[in-house]
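J.: Listed below, chain by chain, are the residues.
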Amino acid sequence: MWSRRRRKTAEGGPRRFGRLRVERFGAIAELERPRALVFVDRALARRLGAEPGAAWRDPAGDGDVGGAPLSAPLEAHLQLTNRCDVGCQGCYTGATPAGAPREWGAAEWMRAIDRLADQGVFHLALGGGESATLPWLGQIAEHARRRGLTPNLTTSGLYGLAELIPIAHLFGQINVSIDGLGPTYAAVRGVDGFAAADRAVRRLRQVKREIGINVVVTRANFGELDEILAYASRRRLNEVELLRFKPAGRGASAFAHLTCSDAQHRAFWPLIRRAARRHRVRVRVDCSYTPMLVHHRLDRRLLEQLAVYGCTAGDFLVGAKATGALCGCSFAPAAEGRPGLDDIAQYWTQPGAFGPFRNWRAADEPCRSCEYHALCRGGCKAVSLHLLGDASKPDPECPRVVDFRRSGSARPERVRLPVVM
Amino acid sequence: MLATRFGLNPNSSSLGVDVTFLFFGAAALSLITPVMAALLRLRRPTATYVEPTAAKDG
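Here the protein sequences come in this chain order: B and P.
For the first sequence, the working numbering assigns the number -8 to the initial residue and increments by one for each residue that follows.
For the second sequence, the working numbering assigns the number 1395 to the initial residue and increments by one for each residue that follows.
The reader is advised that the hints may include incorrect statements.
Distance windows between CB atoms, simulated [to be verified]:
1. P:Ala1420 - B:Pro157: 41 to 49 Å
2. P:Leu1436 - B:Ala186: 40 to 48 Å
3. P:Ala1432 - B:Asn350: 33 to 41 Å
4. B:Glu23 - P:Ala1420: 25 to 33 Å
5. P:Ala1420 - B:Ala89: 48 to 56 Å
Among the chain B residues that face chain P by a calculated CB cut under 8 Å, a handful are [as the list claims (entries may be wrong)]:
6. Phe16
7. Asp32
8. Gly54
9. His68
10. Leu117
11. Asn143
12. Leu234
13. Arg264
Treat the hints as calculated values from the structure; they're not laboratory data.
Ideal Cβ placement from N, Cα and C applies to all residues, glycine included.
Isolated chain B (complex conformation) (with noise of 0.2 Å):
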């Protein structure tokens, strides 16, 4: 269990910062303005009120961020539920309108929440299938509240909007998805939504500042993030988070033909670096993309500074289905052994816990040489199980492995088949 106390110094006074989390490098202090989680080393965790324990063990450990996993992870993502009715081809749950078979309740998700509040995790990110058309979805925002966890929400905007509105102060940052304006939306969702999702956007903004847009990035968009991130700009959105297309559901089956070519990834960030300042829009990129970003050669200080990684899963985040299932992140398969998302407490110290998620340090050529293997961690695993039919493997689209294959320094793989989770 956890201790929780609230310390005060002689002058009292309110809370003036969020919660102060030990680990072993020395603490995460969770700050409310501006929004930030920060890592710090034993000696001004002790200032801020964190005291030695067993987990301050190792000298060593002393700032050393990433030698070891945390001890809970800094947020976890939901799938509330698997239900929706779009269809879209790339769709990494494989959702339907029928849903997946024993999806959790409110009851279940909210003594889940409890068990991640008792470990201390910071943030929720609640996804699907579309929750948005959950009739409970307020409860478990307000039950996310109350247990100092802070619930953010992605939606297709396509249904549920009406229920989603007066509910949208509960979130932290809702982003909607839109992979494309006008047409492209279509071509790359293989359903015509945009003008449905551009309305959600306007009127969510009408209601929130904290909205902004998800973007999954493909072969057929990629030439349009310079006018997606003008978009992003004229509706006055927060950020904009761009993501990799990733081979799970049915996505799986898409992959071959929409995800980026090499060209795109090592195209990839001078665009968004220009794009972002041209219309001076904040953007996020998620992990997976930490490759194509170090291929770059960026400040490895700066990299770590802002705790810029590759796949944190099983570490900084975890992912559960919409059965409750654990996993490392939202596209892994469920751990072995199939622990619940209540399960967490037990599951994450035990031994071979989320399995190549962790084992990231034993790795191949060429991220055993590569200089930001400890950020990059191997790339996105959901990439090499699809391509590789092995997560421990090197992301093969990083452009750093494609030189060392076409080097021809790399032992040729085993083709498999490609895995569909």
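Since chain B is already given, all that's left is putting chain P on it; use the hints.
T.: The following block gives chain P in isolation, referenced to the frame of chain B:
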């Protein structure tokens, strides 16, 4: 101060990171570190302190 993760990640499939500061290269470091350290110290007087099971056992 070792690292700072800015913002909230609404995406339920992967972990997003704000790359705005990366646009400014190493110059961003000289800005982020002192500002965030100052914010932490200014807000130091009261805090909620939590220690998870794993950290205790670790």
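J.: Tell me if the beta carbons of Glu23 (chain B) and Ala1420 (chain P) are separated by a distance inside 25 to 33 Å.
T.: holds, 28 Å
J.: Starting from the range 33 to 41 Å, see whether the pair Ala1432 (chain P) and Asn350 (chain B) falls in it by beta-carbon distance.
T.: holds, 39 Å
J.: If I claimed the Cβ atoms of Ala1420 (chain P) and Ala89 (chain B) lie 48 to 56 Å apart, would that claim hold in this structure?
T.: holds, 52 Å
J.: Hint validation: Gly54 (chain B) versus chain P, beta carbon distance must be below 8 Å. Holds or violated?
T.: holds, 6 Å
J.: Does 40 to 48 Å hold as the CB distance between Leu1436 (chain P) and Ala186 (chain B), or does it fail?
T.: holds, 47 Å
J.: His68 (chain B) was flagged as interface toward chain P. Is the shortest Cβ-Cβ separation under 8 Å?
T.: This hint holds: His68 (chain B) lies near chain P, its Cβ roughly 4 Å from the closest one there, short of 8 Å.
J.: Given the range 41 to 49 Å, decide if the beta-carbon distance of Ala1420 (chain P) to Pro157 (chain B) lies inside it.
T.: About 46 Å separates the Cβ atoms of Ala1420 (chain P) and Pro157 (chain B), which means 41 to 49 Å holds.
J.: Holds or violated: Arg264 (chain B) as interface residue toward chain P, Cβ cutoff 8 Å?
T.: OK, holds: Arg264 (chain B) within 8 Å of chain P, min 6 Å.
J.: With chain P as the partner, please determine if Asp32 (chain B) meets the hint condition of a C-beta pair closer than 8 Å.
T.: Holds. Min distance 6 Å.
J.: Any CB of chain P closer than 8 Å to the CB of Asn143 (chain B)?
T.: holds, 4 Å
J.: For the hint on Leu234 (chain B), just tell me whether its beta-carbon gets within less than 8 Å of chain P.
T.: For Leu234 (chain B), the interface hint holds, since the closest Cβ of chain P sits about 6 Å away, which is under 8 Å.
J.: Quick check on the hint: Leu117 (chain B) CB to chain P CB, less than 8 Å?
T.: holds, 6 Å
Checked against the numbered hints given earlier, this structure breaks none of them.
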